[in-house]
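Student: So the sequence lines, in the order shown, correspond to chains G and X.
Going by this note's numbering, the first residue of the first sequence is number 540, and it counts up by one from there.
Going by this note's numbering, the first residue of the second sequence is number 52, and it counts up by one from there.
Please note that the accuracy of each hint is not assured.
A few chain X residues that don't get close to chain G, going by computed Cβ distances all over 10 Å [said to hold, decoys possible]:
{"no.": "1", "residue": "142"}
{"no.": "2", "residue": "143"}
{"no.": "3", "residue": "248"}
{"no.": "4", "residue": "252"}
{"no.": "5", "residue": "351"}
{"no.": "6", "residue": "390"}
Pair by pair, the computed Cβ-Cβ distance ranges are [stated by the list, open to error]:
{"no.": "7", "chain 1": "X", "residue 1": "369", "chain 2": "G", "residue 2": "626", "range": "24 to 30 Å"}
{"no.": "8", "chain 1": "X", "residue 1": "369", "chain 2": "G", "residue 2": "621", "range": "31 to 37 Å"}
{"no.": "9", "chain 1": "G", "residue 1": "621", "chain 2": "X", "residue 2": "299", "range": "16 to 22 Å"}
The list that follows gives simulated cross-link-like pairs (lysine to aspartate or glutamate, DMTMM-like), each with its CA atoms no further than 25 Å apart [to be verified]:
{"no.": "10", "chain 1": "X", "residue 1": "380", "chain 2": "X", "residue 2": "417"}
{"no.": "11", "chain 1": "X", "residue 1": "420", "chain 2": "G", "residue 2": "626"}
{"no.": "12", "chain 1": "X", "residue 1": "218", "chain 2": "G", "residue 2": "627"}
{"no.": "13", "chain 1": "X", "residue 1": "420", "chain 2": "G", "residue 2": "625"}
{"no.": "14", "chain 1": "X", "residue 1": "273", "chain 2": "G", "residue 2": "627"}
{"no.": "15", "chain 1": "X", "residue 1": "79", "chain 2": "G", "residue 2": "621"}
{"no.": "16", "chain 1": "X", "residue 1": "273", "chain 2": "G", "residue 2": "626"}
{"no.": "17", "chain 1": "G", "residue 1": "623", "chain 2": "X", "residue 2": "388"}
{"no.": "18", "chain 1": "X", "residue 1": "79", "chain 2": "X", "residue 2": "342"}
{"no.": "19", "chain 1": "X", "residue 1": "213", "chain 2": "G", "residue 2": "634"}
{"no.": "20", "chain 1": "X", "residue 1": "218", "chain 2": "G", "residue 2": "621"}
{"no.": "21", "chain 1": "X", "residue 1": "54", "chain 2": "X", "residue 2": "239"}
{"no.": "22", "chain 1": "X", "residue 1": "178", "chain 2": "G", "residue 2": "626"}
{"no.": "23", "chain 1": "X", "residue 1": "189", "chain 2": "G", "residue 2": "627"}
Calculated directly from the structure, the hints in this document are not laboratory data.
Beta carbons are placed, not taken as given, at the ideal position from N, Cα and C, and that holds for glycine.
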Amino acid sequence: MRRKRIINTSKESVLQDNRKYVKIVTKLSRESDKELLELLDKIPARRRNELIRSLLYSALITKDIAVPNVPVVEKPERKKKEVKVDEDAIGRLVDGF
Amino acid sequence: MEKFSAGVDVGYGQVKAIVGDSLNSRHKILFPSAIERRDMGEVVLEELANEKRKEENLTSRYWIRIDNEDVRIGENATGYEAGMDRSLLNRDPENYRILALGPVAMYLADNDISEAVLSLGVGVPQKTPEDLIDRLVKRLIDVHDLAVGNYEKGKKVYRNVKLVVSKTIVREQGLGAFISLALQYDDDGNILTVDNSVFDGYAMVVDFGTFTTNVVLFENGKFDRTRSDGKVEYGTIDMINELETILKTKYGIMFSPHAINRELIIKGINVVDKMDGTSIDISEIKREAMEKLWNKIARYIDDSIGSAFMLASQSGKPLKVFFTGGGAKLFADKLREKYSNSKYVVFSRDPIFDNALGFYVKAYFESKKL
């Protein structure tokens, strides 16, 4: 039989879930945090818990807010500037590894 | 067909990937190192799919197929099981779906690319037995024929993506970063040529990872295994532990194990209410936690650089030290404060992706041979 996970679903329970010992007050001081909450509001409540975790971990590493779980793909514009690349030299470099 | 390449750095905390069709046309992907036990989650995945589909009128690709089962990329595993080390600790990588290559497959499918050559770097704890590493890598590669699912007119349609693994690098995680170090760039980050100076003497790569900080030494461009065992069991994730300790010892605030609040307090939420109704601002405690962690790691780095410096001085060869990894970004200010006057220290332009870039360059040239 397939197992089913039980996840807290209500918005309140996401915050209450792990705070038997401490109550967190969500005082937001920065614009990016407001954007974060707006983003979280759009996500089904049952998944919010996991998303917050991953989102904030990403934030710790990158010091920036990035959409978690859904891959963060940076799509820079294709370089317009023509660059002369010495592919022979670079090819020899990586051949050694 | 356009040849695409990918360099993927599978870390304990994050998968860093670079995908592209030429050295200077490349894209970065950052993704949690998510794994999922194969015997869990299937029903919820389906439910989530339906939920998400209803909410967002889903048309974009959200699935990868592994072991003939659909996995909703990213959403299922993170928060439950994250990091390759879990499968290593349990010694059963075969029982996990490893999603590391999923985002790369999604990117390729989005760009109508069905095949790409891949160089893969996998970080494993230093004492991991060889047979277990082999099994983990096999498990990673086993799932490299991925199908990315999409809804079209209400029906699920799959697009196959083949990832041809040309090179797998285990343990020598600093190798990718060394290749990055050995390249010359213009101001826009375009790769130009090789910086031959790194092949003269010693190059030390200090890789600040999520769970560990590694030091890897290269002599005249050759990986020096005997001097590369240096590793400290501290990583960026330990900032959370430091924070927890300070809150517990100084303020009597405790968090339940695995509490998401541990992450909540890292960013965004600076005020914590105690049970007695008073509240405290923890922003200063965050700074204190980072300071404590930095002091632990800095001592180790100092020792490692000191040894390398001695080695270089005794042999009369030059030394370069290269800081890389997520922690190099987290501790960027500390590192600059301490080492900005040191001529032998090189600061990376994009420390999170250094290893992935090195692997990408390797994959790019491997793809040209095919």
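Student: Work down the list of hints and note, for each, if the structure agrees.
Tutor: Against the structure, the hints come out as follows:
1. Residue 142(X), annotated as away from the interface, keeps every beta carbon of chain G farther than 10 Å; the closest lies near 22 Å.
2. Even its closest Cβ contact with chain G, about 17 Å, leaves residue 143(X) beyond 10 Å, as expected for a residue assigned away from the interface.
3. At the 10 Å boundary, the C-beta of residue 248(X) stays outside the reach of chain G, the nearest C-beta of that chain being 13 Å off.
4. With a least CB separation of 17 Å from chain G, residue 252(X) remains clear of the 10 Å interface cut-off, as annotated.
5. For residue 351(X), the condition that its CB be more than 10 Å from all CB atoms of chain G holds, with the nearest at approximately 20 Å.
6. With a closest Cβ-Cβ approach of about 19 Å to chain G, residue 390(X) is found to remain outside the 10 Å limit, as its non-interface label requires.
7. A beta carbon spacing of about 27 Å between residue 369(X) and residue 626(G) agrees with the range 24 to 30 Å that was offered as a hint.
8. The beta-carbon spacing between residue 369(X) and residue 621(G), approximately 34 Å, falls within the hinted interval of 31 to 37 Å.
9. For residue 621(G) and residue 299(X), the hinted distance range of 16 to 22 Å is not satisfied, since their beta carbons lie about 58 Å from each other.
10. Between residue 380(X) and residue 417(X), the direct Cα distance comes to roughly 30 Å. Violation of the 25 Å bound is thereby established for this hinted pair.
11. Among the hinted pairs, residue 420(X) with residue 626(G) is consistent with the structure: their alpha-carbon atoms are about 13 Å apart, no more than 25 Å.
12. Using a Cα cut-off of 25 Å, the hinted pair residue 218(X) and residue 627(G) holds, with the two alpha carbons roughly 20 Å apart.
13. At most 25 Å may separate the alpha-carbon atoms for a hinted pair to count; residue 420(X) and residue 625(G) meet this at roughly 17 Å.
14. For the hint pairing residue 273(X) with residue 627(G), the CA-to-CA distance comes to about 20 Å; that is within 25 Å, so the pair holds.
15. For the suggested pair residue 79(X) and residue 621(G), the alpha carbons sit about 21 Å apart, so the restraint of at most 25 Å is met.
16. Taking the CA atoms of residue 273(X) and residue 626(G), the gap is about 21 Å. The hint holds against a cut of 25 Å.
17. The hinted pair formed by residue 623(G) and residue 388(X) fails the criterion: a straight-line CA distance of about 35 Å is larger than 25 Å.
18. Of the pairs offered as hints, the one joining residue 79(X) and residue 342(X) is violated, with about 30 Å between alpha carbons and a cut-off of 25 Å exceeded.
19. Of the pairs offered as hints, the one joining residue 213(X) and residue 634(G) holds, with about 24 Å between alpha carbons and a cut-off of 25 Å not exceeded.
20. For the given pair, residue 218(X) sits about 30 Å from residue 621(G) by alpha-carbon distance, which is inconsistent with the 25 Å threshold.
21. For the suggested pair residue 54(X) and residue 239(X), the alpha carbons sit about 24 Å apart, so the restraint of at most 25 Å is met.
22. Proximity of residue 178(X) to residue 626(G) is assessed by CA-CA distance (about 38 Å); at most 25 Å being required, the pair is judged violated.
23. Distance restraint check for residue 189(X) and residue 627(G): the Cα-Cα separation of roughly 32 Å exceeds the 25 Å cut-off, and the hinted pair is therefore not satisfied.
Hint check: violations occur at hints 9, 10, 17, 18, 20, 22 and 23; the rest are consistent with the structure.
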